[in-house]
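Colleague: Chain order of the listed sequences is A and B. Residue 53 in my numbering sits at position 53 of the first sequence, and the numbers go up by one each step. Counting from 1 along the second sequence, just add 1000 to a position and that's the residue number in my numbering.
Hint data in this document are derived by calculation from the structure and do not stem from the laboratory. Keep in mind that this is a model prediction, so the values were computed, not measured. Hints should not be assumed to be uniformly reliable.
Claimed, not checked - Using 27 Å as the maximum straight-line C-alpha spacing, the simulated DSSO-like pairs for lysine-lysine come out as follows:
id, chain 1, residue 1, chain 2, residue 2
1, A, 16, A, 110
2, A, 70, A, 110
3, A, 110, B, 1022
4, A, 73, B, 1040
5, A, 3, B, 1041
6, A, 73, B, 1022
7, A, 3, B, 1036
8, B, 1040, A, 110
9, A, 110, A, 73
10, A, 70, A, 3
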Amino acid sequence: AQKITQTQPGMFVQEKEAVTLDCTYDTSDPSYGLFWYKQPSSGEMIFLIYQGSYDQQNATEGRYSLNFQKARKSANLVISASQLGDSAMYFCAMREFSSGGGADGLTFGKGTHLIIQP
Amino acid sequence: ETGVTQTPRHLVMGMTNKKSLKCEQHLGHNAMYWYKQSAKKPLELMFVYNFKEQTENNSVPSRFSPECPNSSHLFLHLHTLQPEDSALYLCASSQKKQMDTRSAFFGQGTRLTVV
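So that you can see chain A by itself, here it is in the shape it has in the complex (with noise of 0.2 Å):
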């Protein structure tokens, strides 16, 4: 089973408007990070925004937040006042810190192509 899931390959969005990008997480772990990557066709992954099981508060980073619902299992991505320099792909991810076993890297999900639209 897939634990990172991200439903919208692909986004067109016109510029100067809001996007959610979709992310449902699965874990049994009770510690656990969700990450927001951004990756422009340039190839390098860029850190965006973070966010711990136990944060009580929606992350926020600038014009990203994050809207986090942990009884839904749910980690989505909402930028406002989209530019087109956010055109790229973006990828959620999660970290489960106490596991015993299981990869001790980031789980990444398959990604979202978002496009702005001027």
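Guided by the hints, dock chain B onto chain A, whose structure is given.
Modeller: Same frame as chain A, but now just chain B:
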């Protein structure tokens, strides 16, 4: 600049060649990772090193051989690769198991083409 540097950025190699990918970080992190990004697939974790010790090998074929001589450097030695190994190889580093870790920081990747 994320503080994680990968070289080379692009590599084309034949199936009989031997080459190495290099990753370097001076962020003071103790954990380093190799990821593989193939087209239309999620990023796949390959190897994890914590304090220079390999703690994870995600069923990676032996034609990929990692080496971590110190906590700042990570190598991926390649030999007798197959065309399906062509992908973007990403290195990352992070603090080890910190609950408040912001992130793994990624390098820009090496785009590998096997011909």
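Colleague: All hints are to be evaluated individually against the structure, with a verdict given for each.
Modeller: Structure-based check of each hint:
1. A/16 / A/110: Status holds; Cα separation ~26 Å.
2. A/70 / A/110: Given that 27 Å is the threshold and the Cα spacing comes to 21 Å, the pair holds.
3. A/110 / B/1022: It holds: about 26 Å lies between the C-alpha atoms, which stays within 27 Å.
4. A/73 / B/1040: holds, 24 Å
5. A/3 / B/1041: Given pair residue 3 of chain A, residue 1041 of chain B holds - Cα atoms ~14 Å apart, limit 27 Å.
6. A/73 / B/1022: Given that 27 Å is the threshold and the Cα spacing comes to 37 Å, the pair is violated.
7. A/3 / B/1036: holds, 17 Å
8. B/1040 / A/110: Within the cut-off at roughly 7 Å; holds.
9. A/110 / A/73: Answer holds: residue 110 of chain A to residue 73 of chain A is near 17 Å, not above 27 Å.
10. A/70 / A/3: This hinted pair holds, its Cα atoms lying about 15 Å apart.
Hint 6 from the list above is the single one not met by this structure.
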